[in-house]
Each structure stands twice: as structure tokens, then as C-alpha cells.
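J.: Going line by line, the protein sequences match chains H and Z.
For the first sequence, the numbering used here assigns the number 4 to the initial residue and increments by one for each residue that follows.
For the second sequence, the numbering used here assigns the number 14 to the initial residue and increments by one for each residue that follows.
Rather than coming from a laboratory, the hints here were simulated on the basis of the structure.
Some hints here could point you the wrong way.
If we take Cβ atoms under 7 Å as the criterion, some of the chain H residues that face chain Z in the derived model are [claimed, not checked]:
1. Gln37
2. Gly41
3. Phe42
4. Ala43
5. Leu44
6. Met189
7. Ser190
8. Ser262
9. Tyr266
10. Val270
11. His277
12. Asn281
Between beta-carbon pairs, the in silico distance windows are [stated by the list, open to error]:
13. Z:Glu174 to H:Pro103: 36 to 46 Å
14. Z:Pro67 to H:Lys155: 31 to 41 Å
15. Z:Thr693 to H:Gln249: 34 to 44 Å
16. Z:Ser167 to H:Gln249: 48 to 58 Å
17. Z:Glu174 to H:Glu245: 48 to 58 Å
18. Z:Leu66 to H:Lys45: 17 to 27 Å
19. H:Ser59 to Z:Leu66: 51 to 61 Å
20. H:Ile14 to Z:Leu66: 32 to 42 Å
21. Z:Asn79 to H:Pro219: 44 to 54 Å
22. Z:Asp101 to H:Pro103: 37 to 47 Å
Covered stretches of chain Z, going by a simulated chain H footprint (3 or more residues, C-beta under 8 Å) [as the list claims (entries may be wrong)]:
23. 97 to 105
24. 499 to 512
Note that CB positions come from ideal geometry on N, CA and C, so glycine has one too.
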Amino acid sequence: MVEAFRPQNLIEALYILSENECTIIAGGTDLMVQRARGFALKPDFVFPLLFIEHLSELKQIYNNSNEIHIGACVILTDIMQNEIIPEIFKEMIGKMASPPTRNMATIGGNLCNASPAGDTLPYLYAVNAKAILQNANGVRTVPIEEFITGVKKTCLQKNEILTDIIIPDKKFDVNIYKRLGQRKGMSLTKVSLLGLADISKNRIRDIRIALGSIAPTIVRSSDIERKMINKSLDEIKQISYEISNQYDKLIKPIDDARSTAKYRKKVSLNLIKHFLENL
Amino acid sequence: MKENISKSILRVDSRKKINGEAKYISDWKFDNVLYAKTIRSTVAKAKILSITLPEIPAGYYIVDKNEVPGINRMQTVVSDHPVFAENDVQYIGQPILLVVGPDREIIYSIVAKIEIQYKEQEALFTLEEAEKKSTVFTDYHYRKGEPETVFQQSGQLIEDEFTTGYQEHVYLEPQGIAAEFKEDTLFVYGSMQCPFYVKNALLDTMDLPEDKIRVVQTITGGAFGGKEEFPSLTACHVAIAAHKTRHPIMMIYDRSEDILCSTKRHPSKIRYKVAFDKNNQVLALDVDVLLNAGAYNGLSPAVLQRAIFAAGGVYNIPHINVRGRNFMTNAVPSGAYRGFGAPQTIFGIEMLFYNIAVKLGVDPLEYKMRHLLKKNDPTSTGGQIREEVKLPEIIKKVIEKSDYYNKLKTNKKYQGIGISLFLHGCGFTGKGESVINGKITLEKNKDIVTLKVSSVEMGQGAETALRKIVAQTLKIPIENVIYGEVDTGLVPDSGPTVASRTTMIVGGLLRETAMEMKTRWNETEQFEISKRYEHPKYLHWDDDNFSGDAYPVYSWGANVAEVEIDPVSYEITIKNIEAVYDVGVPIDNRALKGQMQGGIAQGIGWATIEVMESENGKLKQSNLTDYKVPTSMDIPEIHCSFVLNPYEFGPFGAKCAGELPSVGVPPAVAEAVANALNKTINHLPITPEKLMEIDNGN
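Assemble the whole structure, with the sequences as input and the hints as a guide.
T.: See below:
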């Protein structure tokens, strides 16, 4: 028999977690599908469930000295409707799943699920987001690329809860997001690209490229990005093919039921080129 | 009052379906019910060496081949599918036994402990392998004219080949069925299209007298052919379990189980050889149609017949030779899906004509129009086109509305436009309607009329259409016409709800009967009138040689599709669909447009999105995360209109409609893609992955 905990507040939740090994559940839009067993059967949970979606401490969005804090249990719809969230991130979230799912799914859930196809992740990687993790004894802050350690793997300890995601309060001059699925809505991403850039006097001042669903984790390369800084847009156009080729070895896609490795590789490179040629 | 039959009315079933009042089979409650879970083969082809059962707790049962009171075969066109596997299994998902009991959790714990030992055998998976090994279930052949002579004499030949993939129905309501004995009568309730198919299957399997079996259709949440023959199998399962346990039995599939083991559209390969006359007109056609029937033949011969009779499309080809074969593979059996074999061959013939025109450097539409069938022309089976063929008017309308020629000229690279011309034979193929000999009853009690038919409402609007036909004939309010409960104990066999036949055939009978009832309207006593369908006398059909009128009449149409392809991602966006149809007279404009939009959406899905591949007999896309059907985001605004062409034996002039949109739209989309890229499209579905390879010249 599976037990379930429904704590009153975060402190209680952390206390429960220090005493019990639990499966933490927020919106459940991933977990309930992954653990489904069959018609009219209980889902397959080994550990007691810890419900956290209702905890008000985890549902805040606010800015604080050039940073935006998003509570782990903020649902996607609320992020889309919040004024302080950058438009491009809202646009990306608006392309995830369907309205009913976005009314249940939380941003923290998308991180903890750690799927290569997680659609909030390209943005979080591109802006160097940080994850705040708490246990009963304290708090630690982890960069997003250290939080996610592999396919479906995070550095979250058994006694920890992801409480906040921190993104910089910053807008870019160029914001391009392209996401491809088997169909135009309500589908998992088979390839995605987020391109962000700041441009002044026709030169690149800042550029970020993050690719989803084409490797075990989001692909981003600060090294390649750095090479483009201070280059003129014309220079970028000239070397766009070369740059896209530098991503080639980082892109390690798979064949699966939804697409092919060949397509994912080729289209990722096309998307990079297309982004660079249209800055 | 004179009412226009096409004027839209509120659908009679919409309110209860929207507000949640409608009870689907999984909402039903039975006292002392037991649930059934099917144990299935996990291998593609094997001998069953042993089945080891755990200890079965009291109140739980195992139901297998040994419990079948009658014949262990599901009755359909070819009754070859064992109700429960005997000594061997032929596909992954084949039912072997049921675990039955009151608690689903305990059932699953028993299921987990059942061990089956197989001796695996070499299996066949693809149409190519099957053709190489000649695992032919059915081999049909017909010809018109003297194709052999023409081909021998012809110097210039073109050959072409087309392939299409699986398609899963994805009806909103998965398969569900229940059975119970009330005293010595077996009642089966479920989501289905053909209550009498189910009853006839139960007669074989249950060995009960006819009056001891009643099959009741429950509110059906979509079917599209997927609930044509398949529920006969599940009905036998629950009936045998009810017979053994003497408890009511319920069996509801979840989506993965449904996708794993229910029927799908036949994957196909179609080869053409074409001979031309001196004006480059198609003189002779040789068509070789190969369908992947899966592990059992079942309904596939009927699908194959419709496929091969549509092989010539809307064209008058003087000499035609057609061969059609169903092949056995170790895959889940293929079966009925909206269009029933015709979408495959209509895709083939339309793309063939397009490819020929492109090769000849002539306008594809003009080239197609040079070959159009017209009234009194012979059909490819040597029957006769008896109605006026309004294709010229249909084409004129569709090209005007879509601005076809202007766009063809001004489209930039990666923008494309395509046009398809198509037809669909109304009602059953060949002798089908005479064999079914459908019967209906109308009963009058004061000012209330009850129509008794075995045709089912499954979301397509049959209840509204048939009640409307009766109400308008009798000139009484539709509320005064009751649709009798579809229970084989209460209604006559008016045939299955398939083949776009319900409005035309059953509705036609109802109209005729209502007209007779009208002459007796003043009678005060309760009375009923029954009538049986009679095939028009002027039709002839030779079932041994496939010659004559394969269908009493045809519905026609033309579709224009516009697409845009993203050169970066090869993503296809369908920008517009213009559709014009001749369905005789629409019984309800809005209902008909709904049918057309739904059918077009399914056609677009099959043509561009719905990928289902089998890898060593196992479906790679086995749930709705991986198998995608279009949503409203993928479907453009669909413009749909009708050209009137009343059919004398159809109610108010109505012909067939339901399958037509699924048959028609795929080649229009494929042509548009071919046009956009200036490449040949010979395979469906056209995915971005495939387009990438085509565009790169592979």
C-alpha cells in the first residue's frame, strides 16, 4: 500500500523527507504517465508520495536584484501569464503540451524529469539559470547544467526539494525559438533550438545557442559562442557553416519512435545556420 | 410545410455527449461483475510449449481455448482467427487466455505470474519478405479490354510504384465490451458498428440457439472501421468467460492494449505499368496491388476487393489488368478503416497520373481531365456509369474557389498546390447488398414513430440523419421519431454500419417505408411495416469473374491542397484545403461538412503525420505519445461545398459520403508536396524525415 504525505508547508515537507524516502510529486503530468499500469489500476509507485504542488512557498514569482525567482511549483500557465517573465520564455512555454497540461505541470517538474526533450531547459541553459535545493538542514544553489546530470538524472539528493529556479532579469535583442515535433501541437520535441543574442553597432555582443532533444542533455557550448563575440553580422554569415559544423560533434541524437538520428542531426545544424544567417 | 432536407438541424445526440450524460460501456455497472484481462503472445511466431499458471485464488478464473463451447474461430469473411490461441501464435498481441475475477489488482498479480514457454519460429514481417516467400492469402484478378495485347504491341511503357503505411483509428473511446447471462440468454453489450456481425460470431463460438443471444450496442465513441470486425473477437472472449463463470464480465482496453492488438489500415504496395496511344493518352494499365493483411486474413479479402475495384480511379482506361493480393505476415491483423482499401489505390492512381503528366511536361489537371469517366462509360469491371458524372462542374468549382491555376503559376519554391480527383463506390461491393438483404421496420403508435434498424450512431450522425429522413417524409417533428434501441433482439438486421451505406441504403429503405406509412397515417391502431432492400434490377454482378457493376452508384469529388515546406526543417504546413463533393443530396449540410472535415483530417494524418512502423513484428509507435494524429493546429480551415446530383434510389437523392473525404485528400496533399519540391512523392506518410532524404536526392 502506498502512503502519501500532504504537508502544510515547506518546512514540514523537508522534515518528512528527512525521515522518509519519498517520490515527490507536483503536477504529476510526467509521473502519472510514466507510472501508469493499466486501465483502472493504481499507478506503480514504490515509495510514499510527497505532494508539494499546493505549497505556497513554492508558487511565487518575484524579482530581486536583477534576478527572477520562479518557485518550483509554479504551473506553466502562471509563468506564461506573469509580466516579469521574458517574452521568449513565455513563447517557449506556450508551445508545450496543451492548455490542460500547462494548468497542471510545474516548471520544477520539468527540471526534475530531466528529459532531453524538456522544453523549459534550452532557455534555462541559455541564460545560466540556477536551481535552489533545500533539505531540512540548509540550502544550496546549483547551476542548471550541474543540476541535470544525464537522461532522467539530476543531482537532487533523497532528502532535498528543488524550491526555486533563478533566471537573470534580462532581455535579449534577438530571440529565436524553433521547436519541431511530430505535429504542431501537443507533441514531444524531436529537435529544438533557442537562439539569443545581443547586438550593437552591427556586432555580436552576446550570443547563446541551446539545442534540445538531440543529445542526452541540452547542448550548449560557451566555447563556440565566445568565438562569435565581437564579430560583425556579415562575418557571422560568412562563417555560419563553419560554426554549425563545430556543433556537429556535440550533437549526439538517437533514432526513436518519433524521429531519426539523421534528421535530428541535419536539422539541428540547419537551424543553427539559419539562426546565424538571420541575426 | 416544405422543408429542405439539407437544411441543418441540431444533432440529436450532441447534448448528452457534451454534458456527460451519455453512458459509454466503461460507465456501465453490473452486480457481481468480473473483469477480464487478456494474456497475449509476446512473440511474433511460435509454438506454445507450455503455460504455467500460478495458484488461482477462489473466485478467479482462467478462460482459454478449452472453454469455447462452439467453434474456436472468430466469424468474419474468412473465419481464420482463433478466438483463443491453440498450439501456436502468429503475431505479437494474439490473445491466448483471459484472467477473470472481481479485483483488477489481483488479476494483474496473477497475470504477472503466468509463464508461457514458446518455441520461436522464423517469422515474416514485411510485404517484401511475404512476396518473396509467396505467403498469399487471397489472389484476385480482373481485366477489361485486351491489356495483354496492348502491352505486347506498345513500345513505350512507364512503370511506377507506390507504398503506404499503417494507420491506427484512434477512436476516442477504446474497445470495450461486456457480457452477462440473464437466465439462459446471453447478452453482449459494447462499443461496435455491426451488432449482427457480433451476434453471428457468437452463434459460431457459443453454440447457442439464435434466440438465446442478444447483442446491444452501447454509445460508441468513434469507430472508423476499427469497430467493424474487431468487437466480434472481444465479444466471444467475454461471452465465453460469462458462460464459464456465470457472472457478468467486463473487458475494457486501455489505449496501449488497443493499439497493440486492434486492426489497422493495410500497408500497401501498388505497382503500375502504363501503355500509351500515339497521343500520349493512357491506353492500358496493369495494376498489381499488394496488401499486408497481417497474421490472419479475416476481413481482408473484402478490403482487397474495394482496393482493386478503385484501381482505375475516375479515369476511363480502355484496357486494364488488375491483380490484387493479400499477404500473410506475422503482424497484427489489418482490417477495416474508413475508405477500406480505396485510399491506397486512389493515392496510387492519382500520383501515377501526376507523375506521367510531369514526365510528359503537360499540366497534370488537364492530363487527368482528358481521361475522365462520363455517363454510360464502362467501369473498370465492365459495369456502367449510370449517373451523370459531374466532375467537370466539380473541378471548375474547386479550381475557382482555390484559385488553383493562379497559385500554380505564382507559387515560390517550397510552396505547392495539388489537386486530386476521386470517387467512391456506394454501399457494399459486388453482391454485398443482396447478400445482406437489409431489413428495417417502422412502427407507428399514435403520433409516435419508432424506427428499428441495426445501424448504429457512432459519432457520424446516423441517428440524426435517419430520424430526419423519416420525420421529413412523414412531415412530423423529429422529436416524434424514436430511434429504437439497437439490440439484435429488438431490431431487424439492416446490415452493418459500414461502407458509407447507412444513409443511402438504410435511409433509402426508411424513406420508402415512411412513404407507405404516410398513406396509412389515419389508422388509429398501432401498426408496423417492414421492408427489405432490393438491389436495383438493372445491376448485374458476376462474383466469380469480378465483372459487372461493382457498386450501384458512386460519389465523386475533387480536392485542392496547398502546402508550404520549411526548407530548414522540412516541416510541412498545410495552408488550405478546398473540397467539392457530389454526394447526391446532403441530408444535413452541417453534419455532412463535419463528416468531410473529420475525414479530411484523418486523410491528412495518414498522408503526413501518422507513422506506424513494425520492427520484427513489434509496433514501434504503441501509445499516443509516439503515434500522433493531427490536432487542430495541423489542420487548416477546410472549405467544403457540394454539387447536387440526386440519386433516384437514395433518400431525398442522397448517395454515400462517410469514406469519401479520407479517400480524396491524401493524393491532393502529396501532389502539393511534389509540386513544392519538384520531386516525386511515391510513399505515404510524407514526414519531414522522408522529405529531407527526398530533397537531398536520396
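J.: Determine whether the Cβ-Cβ distance between Ser59 (chain H) and Leu66 (chain Z) falls within the hinted range of 51 to 61 Å.
T.: 53 Å, holds
J.: Indicate whether the distance between the beta carbons of Asn79 (chain Z) and Pro219 (chain H) respects the range 44 to 54 Å.
T.: At 50 Å between Cβs, range holds.
J.: Does Met189 (chain H) meet its interface restraint, that is, does its C-beta lie within less than 7 Å of any C-beta in chain Z?
T.: 6 Å, holds
J.: Is the interface hint for Gly41 (chain H) satisfied, with its Cβ closer than 7 Å to some Cβ of chain Z?
T.: Since the shortest Cβ distance to chain Z is 6 Å, the answer is holds.
J.: May I ask you to test the hint 36 to 46 Å on the CB atoms belonging to Glu174 (chain Z) and Pro103 (chain H)?
T.: 44 Å, holds
J.: CB of Leu66 (chain Z) to CB of Lys45 (chain H), is that within 17 to 27 Å?
T.: 24 Å, holds
J.: Report holds or violated for the interface hint on Gln37 (chain H), using the least CB-CB distance to chain Z and a cut-off of 7 Å.
T.: With a minimum Cβ separation of about 10 Å from chain Z (threshold 7 Å), the hint on Gln37 (chain H) is violated.
J.: For the stretch 499 to 512 of chain Z, count the residues whose Cβ lies under 8 Å from any Cβ of chain H; is that count three or more?
T.: Result for this restraint: violated, n = 0.
J.: Assuming the hint says 48 to 58 Å, is it satisfied by the Cβ distance from Glu174 (chain Z) to Glu245 (chain H) or not?
T.: 41 Å, violated
J.: Is the gap between the beta carbons of Ser167 (chain Z) and Gln249 (chain H) within 48 to 58 Å?
T.: Hint holds: Cβ distance 57 Å, inside 48 to 58 Å.
J.: In this structure, is the beta-carbon distance linking Asp101 (chain Z) and Pro103 (chain H) contained in 37 to 47 Å?
T.: Since the Cβ atoms of Asp101 (chain Z) and Pro103 (chain H) sit about 45 Å apart, the hinted range of 37 to 47 Å holds.
J.: How does the stretch 97 to 105 of chain Z fare against chain H when you require at least three residues with a CB closer than 8 Å, holds or violated?
T.: It is violated: at least three residues are needed, and the stretch 97 to 105 of chain Z offers just 0 whose Cβ sits closer than 8 Å to chain H.
Hints 1, 12, 17, 20, 23, 24, counting from the list given before, are not met by this structure.
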